[in-house]
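A.B. asks: Protein chains in written order, with our numbering: chain A, 1 to 86; chain B, 1 to 144; chain C, 1 to 129; chain D, 1 to 409.
Warning: the hint list may mix true and false statements.
Here are some, though not all, of the chain A residues that point toward chain C, as calculated from beta-carbon distances under 10 Å [unchecked claim]:
| hint | residue |
| --- | --- |
| 1 | L2 |
| 2 | L19 |
| 3 | G20 |
| 4 | A23 |
| 5 | D24 |
| 6 | I26 |
| 7 | G30 |
| 8 | P35 |
| 9 | R45 |
| 10 | V63 |
| 11 | K66 |
Have a look at the derived ranges for each label pair, beta carbon to beta carbon [said to hold, decoys possible]:
| hint | chain 1 | residue 1 | chain 2 | residue 2 | range |
| --- | --- | --- | --- | --- | --- |
| 12 | D | V173 | A | G8 | 48 to 54 Å |
| 13 | D | V218 | C | D93 | 20 to 26 Å |
| 14 | D | P119 | C | G120 | 51 to 57 Å |
| 15 | D | V43 | A | G8 | 31 to 37 Å |
| 16 | A | D65 | D | D338 | 43 to 49 Å |
| 17 | D | G167 | B | V12 | 46 to 52 Å |
| 18 | C | W113 | D | V173 | 54 to 60 Å |
| 19 | A | G8 | C | E87 | 26 to 32 Å |
| 20 | D | V173 | C | R71 | 55 to 61 Å |
| 21 | C | D22 | B | V12 | 36 to 42 Å |
| 22 | C | V118 | A | E18 | 50 to 56 Å |
| 23 | D | F225 | B | T9 | 44 to 50 Å |
| 24 | C | G37 | A | G74 | 27 to 33 Å |
Capping the alpha-carbon separation at 20 Å, the derived lysine to any residue pairs in SDA-like fashion look like this [unchecked claim]:
| hint | chain 1 | residue 1 | chain 2 | residue 2 |
| --- | --- | --- | --- | --- |
| 25 | A | K66 | D | V385 |
| 26 | C | K91 | D | L392 |
| 27 | D | K269 | B | E121 |
| 28 | C | K2 | A | D32 |
| 29 | A | K66 | D | L392 |
Treat the hints as calculated values from the structure; they're not laboratory data.
Here a beta-carbon is modelled for each residue, glycine too, at the ideal position from N, C-alpha and C.
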Amino acid sequence: MLASDYLGRTVRDADGQELGRVADLIAQVGEDGTPRMVAVLVTPRWRGRLLGYERPGVQGPWVFDKLAGWLHRGTREIPWDEVRWE
Amino acid sequence: MRRWLLAGTVVVVALGAIGLGLLPTTEDGFRSTAVTSARDTRSAVLSTREVGAAALRGRVLQSYVNIAVQRARDQVSTAITDLVDTEVPGPSSQRLRDEVLPMLTRSAARINDVATASSTEDRDALSRAVDELSGLAGELGGVR
Amino acid sequence: MKIPDPLRVDFHLLDRQVVDPDGYLIGKVDDVEVSVGEDGVPVVTAIHIGQHALGNRIGGVIGRWLAATARRLHETGDPRPLRVPFELVHKVDSAVVLSVRHELMDPSALEIWLRDNVIGRIPGARDAG
Amino acid sequence: MKRVFAITLGILTAIGGFVDIGDLVANAVTGARFGMRLAWVVVVGVIGICVYAEMCGRVAAVSGRPVFDLVRERLGPRIGLTNLIGSYLATLFTLSAEIGGVAIAVELATSVHYLLWVPIAAFVVWVVIWRVKFEMMERIFGLAGLSLVVFVVALIQLAPPWGQLAGQAVTPVVPAGEDWATYGFFAVALFAAALTPYEVFFFSSGGVEERWTRKDLVVSRLNVFIGFPLGGLLSLGVMGTAATLFLPLGVRVESLDQVALPVAVALGKLGLAVVILGFFAATFGAALETGLSAGYTIAQYFGWQWGKLVRPREAARFHTVVLVSILIGVAMLLTTTDPIMITEYSLVFSAVALPLTYLPILIVANDRDYLGDQVNSRTANALGVTYLVIILVVAVAAVPLMIISGMGG
Numbered sequence: 001m002l003a004s005d006y007l008g009r010t011v012r013d014a015d016g017q018e019l020g021r022v023a024d025l026i027a028q029v030g031e032d033g034t035p036r037m038v039a040v041l042v043t044p045r046w047r048g049r050l051l052g053y054e055r056p057g058v059q060g061p062w063v064f065d066k067l068a069g070w071l072h073r074g075t076r077e078i079p080w081d082e083v084r085w086e
Numbered sequence: 001m002r003r004w005l006l007a008g009t010v011v012v013v014a015l016g017a018i019g020l021g022l023l024p025t026t027e028d029g030f031r032s033t034a035v036t037s038a039r040d041t042r043s044a045v046l047s048t049r050e051v052g053a054a055a056l057r058g059r060v061l062q063s064y065v066n067i068a069v070q071r072a073r074d075q076v077s078t079a080i081t082d083l084v085d086t087e088v089p090g091p092s093s094q095r096l097r098d099e100v101l102p103m104l105t106r107s108a109a110r111i112n113d114v115a116t117a118s119s120t121e122d123r124d125a126l127s128r129a130v131d132e133l134s135g136l137a138g139e140l141g142g143v144r
Numbered sequence: 001m002k003i004p005d006p007l008r009v010d011f012h013l014l015d016r017q018v019v020d021p022d023g024y025l026i027g028k029v030d031d032v033e034v035s036v037g038e039d040g041v042p043v044v045t046a047i048h049i050g051q052h053a054l055g056n057r058i059g060g061v062i063g064r065w066l067a068a069t070a071r072r073l074h075e076t077g078d079p080r081p082l083r084v085p086f087e088l089v090h091k092v093d094s095a096v097v098l099s100v101r102h103e104l105m106d107p108s109a110l111e112i113w114l115r116d117n118v119i120g121r122i123p124g125a126r127d128a129g
Numbered sequence: 001m002k003r004v005f006a007i008t009l010g011i012l013t014a015i016g017g018f019v020d021i022g023d024l025v026a027n028a029v030t031g032a033r034f035g036m037r038l039a040w041v042v043v044v045g046v047i048g049i050c051v052y053a054e055m056c057g058r059v060a061a062v063s064g065r066p067v068f069d070l071v072r073e074r075l076g077p078r079i080g081l082t083n084l085i086g087s088y089l090a091t092l093f094t095l096s097a098e099i100g101g102v103a104i105a106v107e108l109a110t111s112v113h114y115l116l117w118v119p120i121a122a123f124v125v126w127v128v129i130w131r132v133k134f135e136m137m138e139r140i141f142g143l144a145g146l147s148l149v150v151f152v153v154a155l156i157q158l159a160p161p162w163g164q165l166a167g168q169a170v171t172p173v174v175p176a177g178e179d180w181a182t183y184g185f186f187a188v189a190l191f192a193a194a195l196t197p198y199e200v201f202f203f204s205s206g207g208v209e210e211r212w213t214r215k216d217l218v219v220s221r222l223n224v225f226i227g228f229p230l231g232g233l234l235s236l237g238v239m240g241t242a243a244t245l246f247l248p249l250g251v252r253v254e255s256l257d258q259v260a261l262p263v264a265v266a267l268g269k270l271g272l273a274v275v276i277l278g279f280f281a282a283t284f285g286a287a288l289e290t291g292l293s294a295g296y297t298i299a300q301y302f303g304w305q306w307g308k309l310v311r312p313r314e315a316a317r318f319h320t321v322v323l324v325s326i327l328i329g330v331a332m333l334l335t336t337t338d339p340i341m342i343t344e345y346s347l348v349f350s351a352v353a354l355p356l357t358y359l360p361i362l363i364v365a366n367d368r369d370y371l372g373d374q375v376n377s378r379t380a381n382a383l384g385v386t387y388l389v390i391i392l393v394v395a396v397a398a399v400p401l402m403i404i405s406g407m408g409g
């Protein structure tokens with residue numbers, strides 16, 4: 001599989017409820033240095049790149065912070081094993 | 001679907017533009033062409049007059065004069081072509097054309113004189129050409 | 001090895017510049033390979049570099065054209081993007097830095113073709129400016 | 001002492017390198033038609049290029065990434081590609097216009113038609129890109145471009161009615177006989193001339209290539225904050241001379257020889273010779289920068305090896321793009337399209353393409369992962385966001401204004 005096969009897909013939770021589109025794949029780097037997938041970043045509407053404002057601790061110009069927050073409202077991390085890819 | 005819509009819009013706009021181009025010229029349209037031609041020619045005439053005056057005072061290189069005059073002449077011939085190519089819709093336009101066109105051709109000739117006089121270093125001819133250009137600019141400024 | 005933790009595949013990897021230890025520009029991360037491990041958890045196994053991968057991601061007419069030209073240029077071997085195993089990634093910051101030199105990797109087919117047929121034939125092509 | 005010399009040299013180069021065919025044309029044309037009534041746009045544009053270039057210089061020095069690398073990294077491959085096409089076209093038009101400018105400068109000195117000089121000028125531009133060292137290239141043409149100071153000298157010599165010029169500058173209204181659309185169109189052109197994307201591509205790529213570090217930030221800032229405003233002053237000199245000589249006569253500036261005329265009137269043959277040299281240096285230097293920038297945009301989007309410090313053999317794709325771009329630029333000129341016309345189109349294109357190159361830089365300049373403690377200050381962000389808004393307005397207005405005013409008619 002390629003990352004591009006995952007990104008942008010619409011995913012559902014275990015009950016079949018739509019979660020939104022996949023905006024990013026979040027991996028934790030193990031001791032051997034291999035990144036293992038732990039979560040999926042899901043967003044209800046935005047389709048392009050999130051510009052980096054989804055990361056904690058990024059300070060943009062105030063307007064951008066607010067704007068990105070508004071555009072990406074509802075964006076959340078869902079643990080990998082709770083996501084159903086269809 | 002979206003693509004067809006886009007293509008359709010482009011075709012309609014293009015046809016519209018062509019249709020507008022084919023409409024007969026109105027008296028007002030002719031007048032505006034004539035005024036624009038006169039204005040552009042006046043601009044070229046005055047610019048050349050400045051070049052000529054500077055040449056009289058020995059302030060410009062001959063290579064520069066040649067190019068400046070050539071460019072001004074090109075501008076005037078474009079103005080002439082624009083006017084000549086415009087269809088004459090009525091008698092008042094015909095009168096306007098008969099008034100403006102000779103000014104434009106005279107402008108072209110006087111602009112040429114500047115180059116000739118400057119290259120042969122004929123100061124009298126040069127100063128005469130500069131004076132005539134001033135007169136022409138006045139006449140051209142009167143076209144409305 | 002310096003890799004941000006957590007690693008965000010889209011943000012930290014995709015479309016970043018890939019360089020070798022000397023700063024030679026190898027390409028962009030055009031796609032990222034994800035394989036499911038023995039325990040059923042997907043892991044990042046490699047990065048892909050090449051217009052084929054990029055073209056497939058962009059999609060549409062331009063994307064297909066990019067991918068097709070990349071495939072056609074491959075005279076030898078597989079018309080596939082360059083695959084760099086993730087073990088060779090040394091650092092991920094403003095660029096993805098590899099731990100191996102670029103000479104050890106397959107160069108781009110387009111680069112070779114242009115070097116051999118166009119740029120390499122012009123006098124002075126071997127002098128740095 | 002040596003350091004002071006290096007800094008001074010850098011600033012002088014920035015001044016000379018600021019003015020190119022776009023500035024010459026836009027400033028002279030507006031000066032002749034509007035006097036100094038649009039001078040404020042030059043000021044706004046110069047502050048804009050300072051804000052933008054300072055951020056790019058900082059990002060390049062601290063993160064080592066040039067502009068177009070970040071464009072794709074932040075905006076993704078698709079929007080990045082749209083941006084690439086727009087920016088490349090804008091740069092290509094500018095390159096063509098600059099080569100045309102070189103050819104016209106030689107024409108003014110020799111009386112031989114410029115179209116005959118176009119292929120020769122383009123070939124020499126390419127040879128210089130191919131062979132001459134980066135620093136040398138920048139220095140020679142930047143310093144020679146300084147000869148455009150002659151416009152400021154000529155303006156003083158012409159003894160214009162200063163009060164009247166100042167009056168025009170402080171009352172920026174549409175004069176009688178002109179309409180809002182035309183005023184707006186020339187405002188866009190002037191703004192785009194001061195804030196051309198290629199200048200930033202070149203500036204940041206040069207910084208990356210010369211391996212700037214944090215230590216170089218002071219020098220880079222001095223170059224930007226002193227060099228560019230002084231370059232803007234030269235632009236205003238061009239505008240002022242045209243306003244003094246042509247506005248009262250009602251002469252419209254439509255060719256490069258007219259731009260030089262006020263200097264000849266004021267300073268004579270020597271002044272004219274210096275102007276022609278200045279035209280040559282400014283357009284030639286800018287042709288080198290745009291030629292390289294055409295390569296930078298494409299190579300950085302795809303991640304190819306680029307640059308002048310590596311052997312051309314090792315950056316074959318980059319050098320091919322540069323070569324092909326120069327050939328296309330020549331082809332555009334050989335259709336006998338007026339270089340002034342190409343210049344005006346290049347300015348409109350630049351205005352439209354600017355926001356998407358500006359936005360990623362503003363975002364990255366705030367990213368601590370990239371810049372650490374060198375992220376934008378509050379002031380830098382206030383200015384940065386203000387200019388984003390201005391740039392967006394200009395980009396949206398550019399094409400409608402061009403159509404309504406008929407390229408300024």
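A.B. asks: Give a verdict on every hint.
C.D. replies: Do the hints match the structure? See the list:
1. L2: 5 Å, holds
2. L19: Hint on L19 (chain A): violated, closest Cβ of chain C at ~17 Å, above 10 Å.
3. G20: 15 Å, violated
4. A23: For A23 (chain A), the interface hint holds, since the closest Cβ of chain C sits about 7 Å away, which is under 10 Å.
5. D24: With a closest approach of 4 Å, the D24 (chain A) hint holds.
6. I26: 5 Å, holds
7. G30: 8 Å, holds
8. P35: Status holds, d = 4 Å.
9. R45: It is violated, given that the least Cβ distance between R45 (chain A) and chain C is near 16 Å, above 10 Å.
10. V63: At 21 Å from the nearest chain C Cβ, V63 (chain A) fails the 10 Å test, so the hint is violated.
11. K66: 20 Å, violated
12. D:V173 to A:G8: 48 to 54 Å: Given about 51 Å between the Cβ atoms, the range holds.
13. D:V218 to C:D93: 20 to 26 Å: Holds: the Cβ-Cβ distance is about 24 Å, inside 20 to 26 Å.
14. D:P119 to C:G120: 51 to 57 Å: Roughly 24 Å apart at Cβ, these two residues miss the hinted range, so it is violated.
15. D:V43 to A:G8: 31 to 37 Å: 45 Å, violated
16. A:D65 to D:D338: 43 to 49 Å: 47 Å, holds
17. D:G167 to B:V12: 46 to 52 Å: 48 Å, holds
18. C:W113 to D:V173: 54 to 60 Å: 59 Å, holds
19. A:G8 to C:E87: 26 to 32 Å: The hinted range 26 to 32 Å holds for G8 (chain A) and E87 (chain C), with Cβ atoms some 28 Å apart.
20. D:V173 to C:R71: 55 to 61 Å: 60 Å, holds
21. C:D22 to B:V12: 36 to 42 Å: At roughly 58 Å between Cβ atoms, V12 (chain B) and D22 (chain C) fall outside 36 to 42 Å, so the hint is violated.
22. C:V118 to A:E18: 50 to 56 Å: 52 Å, holds
23. D:F225 to B:T9: 44 to 50 Å: 47 Å, holds
24. C:G37 to A:G74: 27 to 33 Å: Holds: the Cβ-Cβ distance is about 31 Å, inside 27 to 33 Å.
25. A:K66 to D:V385: Holds, at roughly 13 Å.
26. C:K91 to D:L392: Violated, because 36 Å separates the two Cα atoms, which is more than 20 Å.
27. D:K269 to B:E121: Holds, at roughly 16 Å.
28. C:K2 to A:D32: Holds. K2 (chain C) to D32 (chain A) sits at ~12 Å (cutoff 20 Å).
29. A:K66 to D:L392: 19 Å, holds
Consistency with the previously given hints fails for numbers 2, 3, 9, 10, 11, 14, 15, 21 and 26, ordered from lowest to highest.
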